[in-house]
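Protein chains: 2
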Amino acid sequence: MNRTIDTTLPQPATSDSIAQALSLAIHKHRVAPGTKLGEDELAEIYGVSRTVVRGALQTLSHIKLVDIRRNKGASVASPSIIEAREVFETRELLEPRTARSAATRATATDIASLERHIVDEHAALEAADPGRALYLSGLFHTEIARIAQQATIAGFIETLIARSSLIIALYWRRESALCEKHAHHALVQALADNDEDQAEALMRSHLVDLHSALDLRDRNERTLSLKDALSQ
Amino acid sequence: MNRTIDTTLPQPATSDSIAQALSLAIHKHRVAPGTKLGEDELAEIYGVSRTVVRGALQTLSHIKLVDIRRNKGASVASPSIIEAREVFETRELLEPRTARSAATRATATDIASLERHIVDEHAALEAADPGRALYLSGLFHTEIARIAQQATIAGFIETLIARSSLIIALYWRRESALCEKHAHHALVQALADNDEDQAEALMRSHLVDLHSALDLRDRNERTLSLKDALSQ
DNA sequence: GAACACAAAATTGTATACAATACAAGTTAT
DNA sequence: ATAACTTGTATTGTATACAATTTTGTGTTC
Chain A
3 MNRTIDTTLP QPATSDSIAQ ALSLAIHKHR VAPGTKLGED ELAEIYGVSR TVVRGALQTL
63 SHIKLVDIRR NKGASVASPS IIEAREVFET RELLEPRTAR SAATRATATD IASLERHIVD
123 EHAALEAADP GRALYLSGLF HTEIARIAQQ ATIAGFIETL IARSSLIIAL YWRRESALCE
183 KHAHHALVQA LADNDEDQAE ALMRSHLVDL HSALDLRDRN ERTLSLKDAL SQ
Chain B
3 MNRTIDTTLP QPATSDSIAQ ALSLAIHKHR VAPGTKLGED ELAEIYGVSR TVVRGALQTL
63 SHIKLVDIRR NKGASVASPS IIEAREVFET RELLEPRTAR SAATRATATD IASLERHIVD
123 EHAALEAADP GRALYLSGLF HTEIARIAQQ ATIAGFIETL IARSSLIIAL YWRRESALCE
183 KHAHHALVQA LADNDEDQAE ALMRSHLVDL HSALDLRDRN ERTLSLKDAL SQ
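Read top to bottom, the protein sequences are chains A and B.
Position one of the first sequence corresponds to residue 3 (this note's numbering), numbered consecutively onward.
Position one of the second sequence corresponds to residue 3 (this note's numbering), numbered consecutively onward.
The set of hints was computed from the structure by calculation and includes no laboratory data.
Don't take each hint at face value.
Identical copies carry no separate label here, and so any pair may be met within one copy or between two of them.
Claimed, not checked - Think about it this way: if two alpha-carbon atoms lie no more than 25 Å apart in a straight line, the pair counts; the simulated SDA-like pairs of lysine to any residue are: (1) LYS74 / PRO14; (2) LYS74 / GLY157; (3) LYS74 / ALA153; (4) LYS66 / ARG148; (5) LYS66 / THR144; (6) LYS30 / GLU145; (7) LYS74 / VAL33.
For clarity, every value in this text was computed on a predicted model and none was experimentally measured.
Use the sequences and the hints to build the structure in full.
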């Protein structure tokens with residue numbers, strides 16, 4: 003359960019290890035949405051045959067981190083605005099309830115683990131490594147789902163967070179603060195206190211904050227605002 | 003969107019078509035949980051190489067319809083009691099809300115489609131084809147998720163229903179009636195009336211009914227009750 | 001110079017061959 | 001007789017070869 007962030011891979015690399023390495027790279031915004039993922043290229047990088055790479059790409063396509071189109075190959079997914087809205091609406095449906103369960107079940111060990119996450123996250127921000135900070139911020143949420151002991155929901159949340167990373171890469175408003183510094187901390191406090199209502203409420207408002215830091219206006223609204231911007 | 007139930011496959015079969023055919027067979031309880039799915043065997047059946055079959059099996063493993071263990075191969079999944087509980091708890095979390103959305107968005111065409119589903123389902127029951135009835139019953143739920151226009155949630159629900167089919171195969175109480183004949187009909191009525199509250203409530207109670215028709219006691223309770231049964 | 005046609009290159013999809021692992025049966029030793 | 005070992009078979013994992021499709025580049029025509 004002690005997932006490392008290191009990108010080194012076992013020799014020889016397996017489909018799963020490649021999928022994880024790619025997933026991490028996407029999480030950390032080291033590869034942008036839309037980037038082509040050629041099979042030969044990846045096979046060379048990881049020192050395996052295309053067979054293994056294809057397995058990894060198929061895995062990632064199932065969690066919608068990559069798009070595979072027949073005879074066109076794989077590329078990093080690029081969620082539409084509609085998909086982005088759906089992802090956050092779904093998170094707002096699943097995660098508050100999950101935080102509630104986590105509040106009833108959190109042990110001292112769990113709390114310590116979450117606090118360590120927060121420390122790491124702050125350290126990454128200090129070190130001017132926003133990619134890593136974002137990745138850790140996602141891990142924080144999956145960790146809560148794990149604590150809630152709902153493996154099924156945790157699996158769903160994991161894919162939603164993966165997609166959220168793409169959504170943030172595409173639609174994050176520059177002007178909005180990186181925030182949430184306190185949000186996660188307050189949430190841990192509620193979990194430590196086994197305060198279910200508080201945990202659920204905090205998670206809900208945290209997600210709403212995140213959601214509202216995205217620019218999910220559709221193209222029409224966007225061009226209108228562009229027109230506004232240029233008319234000055 | 004007019005998914006056929008026919009099991010004939012395109013020539014040549016593709017990974018997706020094989021995955022769908024296998025999924026259908028599992029849904030209809032034509033293959034039991036735990037059944038070994040040998041690659042060579044399937045390759046011969048569908049007239050393709052193992053490469054294609056492996057793709058299909060990997061797809062099915064992602065929605066947890068099959069278990070793949072390294073160097074051990076694939077077999078039809080066999081959800082534990084804990085997983086079964088989780089699946090139904092998750093459905094109870096997602097589907098009522100989805101039914102609510104569906105109630106606001108359902109068009110006359112949608113209602114007609116759902117009513118056709120119900121007719122087909124009854125026909126299957128009349129024809130003593132419980133497998134097909136069960137499959138159609140699952141389709142009814144995915145159809146509602148589709149009507150709700152929440153593709154993300156619909157995808158989750160689809161995998162939950164697939165797993166429910168396995169759970170029903172494993173844990174359905176013989177003595178419990180096949181029921182739900184009226185449940186689906188009442189739900190369609192609520193959707194047709196755009197009665198959100200009613201749709202949500204009906205879906206919730208329908209799922210609770212389903213859940214309670216399963217025998218999800220753990221082994222200890224089970225053996226105890228066996229003792230009771232024999233002590234008479 | 002732009003648009004189309006066609007050929008060449010690159011990339012993906014599938015099949016097959018080979019390597020590695022697991023399983024089962026039979027053998028030997030204690 | 002049982003346990004451990006060995007060997008043979010079956011099955012899965014991976015690499016490579018070939019087929020099919022898309023993309024790219026070039027030349028021709030208007």
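Going down the list of hints, with the structure as the test:
For the identical chains of this complex, LYS74 and PRO14 are inter-copy neighbours only, at 19 Å across copies versus 27 Å inside a copy, given an alpha-carbon limit of 25 Å. In this assembly of identical chains, the alpha carbons of LYS74 and GLY157 lie at most 25 Å apart only when taken from different copies (24 Å versus 29 Å within one copy). For the homomeric pair LYS74 and ALA153, the shortest alpha-carbon distance between copies (23 Å) is at most 25 Å, but the shortest distance inside one copy (34 Å) is not. Taking the closest pair of Cα atoms, LYS66 and ARG148 come within 25 Å of each other both inside a single copy (21 Å) and across two copies (18 Å).
For the identical chains of this complex, LYS66 and THR144 are neighbours both inside a copy (17 Å) and across copies (19 Å), given an alpha-carbon limit of 25 Å. Proximity of LYS30 to GLU145 under the C-alpha cut-off of 25 Å is restricted to the intra-copy arrangement: shortest distance 18 Å within a copy versus 36 Å between copies. Taking CA atoms no more than 25 Å apart as the test, LYS74 paired with VAL33 passes inside one copy only; the shortest distance there is 19 Å, against 35 Å between copies.
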